[in-house]
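Residue numbers (numbering that gives the first Met the number 0), protein chains in the order written: chain U, 0 to 389; chain L, 0 to 409.
Take these hints with a grain of salt, some might be off.
To be verified - In silico SDA-like cross-links for lysine to any residue, where the CA-CA straight-line distance does not exceed 25 angstroms: (1) L:K146 to U:E109; (2) L:K360 to U:N91; (3) L:K213 to U:E109; (4) U:K44 to L:Q330.
Since the hints were made in silico from the structure, they are not lab data.
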Amino acid sequence: MLNREKGVLAIAFREIGRMMSRPLYGLSMILAPLFCYVFFTTLMKEGLPQELPAGVVDEDNSSVSRNIIRNLDSYQQTGIIRQYSNFAEARNAMQKGEIYGFFYIPRGLEHDASSSQQPTISIYTNSTYLIPSSLLYRDMKTMAIMAAAGVGRQVLFARGANMDQAMGFLQPIQMDMHALGNPYLNYSVYLSNTMLPAVLVLMVLMITCFSIHTELKDETSKEWMDMAGGNVLKAVSGKLLPQTLLFILMAAIYLVILYGILDFPHENGFWPMLLASVMLILASQGFAVFIASAIPSLRWSLSLCTLWGVLSIPISGFSFPVMGMPVALQALSYLFPLRYYFLIYVDQALNGIPMFYSAWFYVALMLFMLMPLIDIWMLKKTAYKYTYLE
Amino acid sequence: MWLKHLLTVCGEELKKTVSDTGVLVFFLVVPLLYPLLYAYLYGQEVVHEVPVVAVDDCRSALSREFLRKSDATPDLKIISYCSDMEEARDLMHRHKAYGLIQIPSEFQKTIEDGHQATVNLYCDMSGLLYYKALLSGCTMVSLDMNKDIQIQRLAGLSDRELEVQTMPIENEYVTMFNPANGFQGFLIPAVLILVLQQTMVLGVSMIAGTEYEKRRKGKLVLGGEYTNPIVVLGGKAMAYLLIYALVSAYVLCIVPELFHMPQLWHGTTLFAFMVPFLLSCVFFSMTLSFFVKDRESCFLLFVFVSVPLIFMSGISWPTSNMPAVWRYLAQIFPSTHAVNGFCRINTSGALIGDVLPEFRKLWILSGVYFMTALLNYIKHYRSNRAPELIEKLKAERRMLRAKVRERLTR
Numbered sequence: 000m001l002n003r004e005k006g007v008l009a010i011a012f013r014e015i016g017r018m019m020s021r022p023l024y025g026l027s028m029i030l031a032p033l034f035c036y037v038f039f040t041t042l043m044k045e046g047l048p049q050e051l052p053a054g055v056v057d058e059d060n061s062s063v064s065r066n067i068i069r070n071l072d073s074y075q076q077t078g079i080i081r082q083y084s085n086f087a088e089a090r091n092a093m094q095k096g097e098i099y100g101f102f103y104i105p106r107g108l109e110h111d112a113s114s115s116q117q118p119t120i121s122i123y124t125n126s127t128y129l130i131p132s133s134l135l136y137r138d139m140k141t142m143a144i145m146a147a148a149g150v151g152r153q154v155l156f157a158r159g160a161n162m163d164q165a166m167g168f169l170q171p172i173q174m175d176m177h178a179l180g181n182p183y184l185n186y187s188v189y190l191s192n193t194m195l196p197a198v199l200v201l202m203v204l205m206i207t208c209f210s211i212h213t214e215l216k217d218e219t220s221k222e223w224m225d226m227a228g229g230n231v232l233k234a235v236s237g238k239l240l241p242q243t244l245l246f247i248l249m250a251a252i253y254l255v256i257l258y259g260i261l262d263f264p265h266e267n268g269f270w271p272m273l274l275a276s277v278m279l280i281l282a283s284q285g286f287a288v289f290i291a292s293a294i295p296s297l298r299w300s301l302s303l304c305t306l307w308g309v310l311s312i313p314i315s316g317f318s319f320p321v322m323g324m325p326v327a328l329q330a331l332s333y334l335f336p337l338r339y340y341f342l343i344y345v346d347q348a349l350n351g352i353p354m355f356y357s358a359w360f361y362v363a364l365m366l367f368m369l370m371p372l373i374d375i376w377m378l379k380k381t382a383y384k385y386t387y388l389e
Numbered sequence: 000m001w002l003k004h005l006l007t008v009c010g011e012e013l014k015k016t017v018s019d020t021g022v023l024v025f026f027l028v029v030p031l032l033y034p035l036l037y038a039y040l041y042g043q044e045v046v047h048e049v050p051v052v053a054v055d056d057c058r059s060a061l062s063r064e065f066l067r068k069s070d071a072t073p074d075l076k077i078i079s080y081c082s083d084m085e086e087a088r089d090l091m092h093r094h095k096a097y098g099l100i101q102i103p104s105e106f107q108k109t110i111e112d113g114h115q116a117t118v119n120l121y122c123d124m125s126g127l128l129y130y131k132a133l134l135s136g137c138t139m140v141s142l143d144m145n146k147d148i149q150i151q152r153l154a155g156l157s158d159r160e161l162e163v164q165t166m167p168i169e170n171e172y173v174t175m176f177n178p179a180n181g182f183q184g185f186l187i188p189a190v191l192i193l194v195l196q197q198t199m200v201l202g203v204s205m206i207a208g209t210e211y212e213k214r215r216k217g218k219l220v221l222g223g224e225y226t227n228p229i230v231v232l233g234g235k236a237m238a239y240l241l242i243y244a245l246v247s248a249y250v251l252c253i254v255p256e257l258f259h260m261p262q263l264w265h266g267t268t269l270f271a272f273m274v275p276f277l278l279s280c281v282f283f284s285m286t287l288s289f290f291v292k293d294r295e296s297c298f299l300l301f302v303f304v305s306v307p308l309i310f311m312s313g314i315s316w317p318t319s320n321m322p323a324v325w326r327y328l329a330q331i332f333p334s335t336h337a338v339n340g341f342c343r344i345n346t347s348g349a350l351i352g353d354v355l356p357e358f359r360k361l362w363i364l365s366g367v368y369f370m371t372a373l374l375n376y377i378k379h380y381r382s383n384r385a386p387e388l389i390e391k392l393k394a395e396r397r398m399l400r401a402k403v404r405e406r407l408t409r
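Can you make the complete structure from the sequences, with help from the hints?
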């Protein structure tokens with residue numbers, strides 16, 4: 000069994016040789032994921048974007064309006080970079096992409112507010128840039144309400160109310176928001192936790208499919224099967240073994256970056272996520288073997304695996320929730336290993352709830368690992384009588 | 000003469016493309032279908048009726064009103080009223096609910112006493128849109144109820160006076176260029192541009208990879224007989240441009256139309272802007288294609304790049320807040336400038352003058368990548384001719400030796 004000519008280990012060593020012989024493997028299994036790890040975690044290292052460029056149009060130019068602008072600029076997310084003399088100018092700056100939004104204070108604000116004429120402050124944001132736009136909106140809206148409350152408070156103070164009474168009158172009901180697991184609304188927590196595994200999954204799907212089908216293309220598939228004594232399960236597991244180990248190492252690296260270095264929430268510790276990551280890799284390999292066996296053409300099976308890898312990013316639901324998608328796509332989302340990984344991450348890392356709640360997601364990943372059992376016999380057939388089609 | 004060669008190369012390239020299903024998938028099928036899939040995915044723009052649970056510890060008229068009104072907002076849907084937090088938490092853990100509204104027992108009394116009462120909101124942070132829905136839904140209800148409470152207290156004033164009393168300065172919000180303030184209007188324009196660039200890179204690399212393979216197997220590939228690299232480069236570029244002129248017309252004009260997305264572009268501006276974008280894409284693809292040594296490796300090399308590229312364009316995480324390294328790196332990709340330009344042309348009706356910086360950078364990229372592609376072709380043809388040169392040299396040497404031998408035997 001353990002001789003150098005035959006068996007799982009021999010195939011594994013043969014595969015290491017194959018992987019070393021082409022820089023393509025190193026590039027896509029090591030460099031590409033590493034680049035993405037560094038890219039995403041450094042891109043959003045601020046967590047929440049600070050000092051977003053915004054503008055102001057102050058047609059009132061009174062002490063009230065100047066006060067509003069000063070206060071607005073002191074918000075962490077808003078950076079007033081310029082005052083514009085009129086609406087058209089500010090709109091133009093927004094169109095050119097210099098600012099993401101602006102605050103419009105009409106002429107006569109101070110006068111109208113103190114004489115009960117109810118003037119209107121306007122908030123304009125460029126919603127093509129959704130994140131900066133909503134953050135600016137949040138700051139500006141708060142500022143507008145505060146400005147109104149400030150004026151209202153003054154009126155109440157003048158009538159002899161104290162602070163508690165004034166607030167009780169101006170805002171009888173207030174909201175206290177608890178953002179569970181991510182209280183600072185850190186974007187990196189919310190994106191990197193899925194983006195890093197997503198890139199790795201894409202690579203796992205493509206490499207698995209590619210490496211199996213290049214055997215057919217290079218016409219070495221017979222030799223490969225013979226080394227396994229014609230046992231296709233042995234052949235495939237020997238081949239994938241070195242890849243699995245390398246991919247698990249790559250997964251460990253992102254886990255260390257996310258939960259060790261950046262210290263993102265990992266309420267239930269490191270191990271549930273390590274387990275999930277290892278299972279995610281095995282599940283993706285299982286899925287790719289299933290596809291590679293079912294479709295006896297390198298290009299078509301690789302195309303499908305690629306599509307699956309790319310599509311798993313939006314369909315995992317980390318940016319736009321699955322429940323907001325059309326029903327057909329909601330059903331489709333069950334067929335993506337990354338979807339289950341994302342659900343496990345939410346339970347185990349972000350919310351830190353008992354493993355028992357996530358059990359079915361782990362089971363689902365396990366089912367993906369078993370998928371090749373359905374059609375791997377087809378791979379053996381193709382391995383023995385196959386001609387490469389372009 | 001060169002014009003004829005140019006057209007021949009172009010024609011051959013088109014023929015090659017049409018007869019190769021692999022390339023056709025990249026050049027036609029993906030650009031045709033992928034944007035539709037994405038638009039379908041984000042078709043609902045925002046999430047409505049996020050399921051939440053309520054824990055009403057007050058059980059008063061006011062607390063019931065608050066919950067009833069929250070349930071009635073388009074953002075939220077109360078799926079269950081729980082008797083305690085334990086039960087509510089369990090529902091959240093089971094992913095039945097993504098938010099929790101808890102009303103403390105002294106809620107109504109505090110308000111009646113004229114103090115400020117607090118409603119506790121707990122939100123599952125697995126998606127930011129849940130947070131947005133919960134916060135905006137409940138804020139809307141509280142503003143509405145605050146007004147009612149104030150009006151009750153100020154009995155005797157006219158409606159208008161009341162309004163002024165409760166809100167001395169009004170505010171309004173205008174979301175420009177993406178009226179639904181949703182995902183589709185924000186992500187799709189970037190995806191469309193990226194699809195154009197990436198499919199071109201993939202398709203062109205696949206063609207180049209196939210040729211490389213054939214050459215390795217010793218088969219003759221067209222282009223060898225045309226020794227002028229500019230003609231070969233130009234001919235191929237012309238073929239890709241012809242295909243992509245049609246494809247981008249579909250992707251950028253018809254797809255948004257199908258999904259009723261905002262489209263404010265002016266024809267001449269869009270056309271003028273697309274010229275340098277497509278040119279830079281073509282030469283960018285041709286430059287990259289020299290790294291591809293076989294037919295299928297383009298998948299492994301170029302697909303994953305799309306993911307960082309969409310972020311580099313600054314459509315999601317703002318460019319102003321990126322580390323300088325990524326801001327500079329982003330400059331070398333046509334998609335970065337094209338996404339920003341196209342977004343403004345398409346969604347805010349910008350004219351060519353408004354996107355001048357992007358327009359210029361795309362022309363610069365076109366020039367740079369034209370040069371790199373050309374250098375590659377020149378090098379390639381030199382190395383391609385090398386075997387012939389060696390053969391020639393060998394033949395000359397053989398002749399010489401033969402002559403020497405002849406002389407010696409004499």
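Hints and how they fare:
1. L:K146 to U:E109: Given that 25 angstroms is the threshold and the Cα spacing comes to 23 angstroms, the pair holds.
2. L:K360 to U:N91: holds, 21 angstroms
3. L:K213 to U:E109: Violated. L:K213 to U:E109 sits at ~78 angstroms, over the 25 angstroms cutoff.
4. U:K44 to L:Q330: holds, 20 angstroms
Violated hint for the displayed structure: number 3, the only one.
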